[in-house]
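> All residue numbers for the sequence shown refer to this note's numbering, where the first residue is 57 and numbers rise by one.
Derived by calculation from the structure, the hints in this document are not laboratory data.
Treat the hints with care, as some may be off.
As the list claims (entries may be wrong) - Okay, the calculated beta carbon distance ranges per label pair: (1) N100 <-> K134: 49 to 59 Å; (2) K131 <-> K99: 45 to 55 Å; (3) V67 <-> R132: 56 to 66 Å; (4) P123 <-> V65: 37 to 47 Å; (5) I116 <-> G60: 49 to 59 Å; (6) I98 <-> V65: 15 to 25 Å; (7) V67 <-> M92: 47 to 57 Å; (8) S62 <-> L127: 18 to 28 Å; (9) Y68 <-> K134: 55 to 65 Å; (10) T76 <-> I129: 54 to 64 Å; (11) Q58 <-> P123: 18 to 28 Å; (12) D95 <-> T125: 50 to 60 Å; (13) G81 <-> T125: 26 to 36 Å.
Stated by the list, open to error - With a Cα cut of at most 16 Å, we get these calculated EDC-like pairs of lysine to aspartate or glutamate: (14) K83 <-> D95; (15) K99 <-> D80; (16) K99 <-> D85; (17) K99 <-> D78; (18) K83 <-> D57; (19) K99 <-> D82.
Being a predicted model, the structure only gives us computed values, none of them experimental.
Think of the CB as a built atom: it goes at the ideal place given N, C-alpha and C, for glycine as much as any other residue.
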Amino acid sequence: DQDGLSDGVEVYIYGTSPFTSDTDGDKYDDFLEILMGRDPLIKNHDRQLLFGLYLLPVYIVVVSVPPVTILIIKKRRKKK
Numbered sequence: 057d058q059d060g061l062s063d064g065v066e067v068y069i070y071g072t073s074p075f076t077s078d079t080d081g082d083k084y085d086d087f088l089e090i091l092m093g094r095d096p097l098i099k100n101h102d103r104q105l106l107f108g109l110y111l112l113p114v115y116i117v118v119v120s121v122p123p124v125t126i127l128i129i130k131k132r133r134k135k136k
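Work out the full structure, taking the sequences as your base and the hints as a guide.
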């Protein structure tokens, strides 16, 4: 299908069709979608992007709270 993926990779790894370059019919070929970190089997990428945008702030909070908490505790201990 000339999308840049070998038939074996399409069938056994990604589950995409080796007969069409755009398995989900969204006008982006499967290889490009994989390079962009999108699922080549899901047509509506806006939902994927929206979900990712909602998770980003949660990720930032989860990653930053422990180090900030440790810094606050250390500063309070130094003051005593």
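> Indicate, hint by hint, whether the structure satisfies it.
Do the hints match the structure? See the list:
Against the hinted window of 49 to 59 Å, the Cβ-Cβ separation of N100 and K134 comes to about 52 Å, which satisfies the hint. For K131 and K99, the hinted distance range of 45 to 55 Å is satisfied, since their beta carbons lie about 51 Å from each other. Distance hint check for V67 and R132: the Cβ-Cβ separation is about 59 Å, which falls inside the suggested range of 56 to 66 Å. At about 40 Å, the CB distance of P123 to V65 agrees with the hint of 37 to 47 Å.
Checking the proposed 49 to 59 Å range against I116 and G60 shows it is violated: the Cβ atoms sit about 34 Å from each other. One distance hint, 15 to 25 Å for the beta-carbon pair I98 and V65, holds here, with the actual separation near 18 Å. Between V67 and M92 the Cβ separation comes to about 21 Å, which falls outside the hinted range of 47 to 57 Å. Range check, S62 to L127: Cβ separation about 50 Å, and the 18 to 28 Å hint is violated.
Separation of Y68 from K134 is about 57 Å and conforms to the stated range, judged on CB atoms against 55 to 65 Å. Separated by about 57 Å at the C-beta atoms, T76 and I129 satisfy the suggested range of 54 to 64 Å. In this structure, Q58 and P123 break the distance hint of 18 to 28 Å, their C-beta atoms being roughly 48 Å apart. Evaluation of the 50 to 60 Å hint for D95 and T125 yields a failure: the beta carbon distance comes to about 36 Å.
With their beta carbons about 48 Å apart, G81 and T125 fall outside the hinted range of 26 to 36 Å. Annotation: proposed proximity of K83 to D95 holds, straight-line Cα distance about 13 Å (limit 16 Å). Proposed proximity of K99 and D80 is supported: the alpha carbons are some 5 Å apart, at most 16 Å. Of the pairs offered as hints, the one joining K99 and D85 holds, with about 11 Å between alpha carbons and a cut-off of 16 Å not exceeded.
Taking the CA atoms of K99 and D78, the gap is about 10 Å. The hint holds against a cut of 16 Å. A hinted pair counts as satisfied when its Cα atoms are at most 16 Å apart, and K83 with D57 qualifies at roughly 14 Å. Distance restraint check for K99 and D82: the Cα-Cα separation of roughly 5 Å lies within the 16 Å cut-off, and the hinted pair is therefore satisfied.
Hint compliance for this structure: hints 5, 7, 8, 11, 12, 13 are broken, all remaining hints hold.
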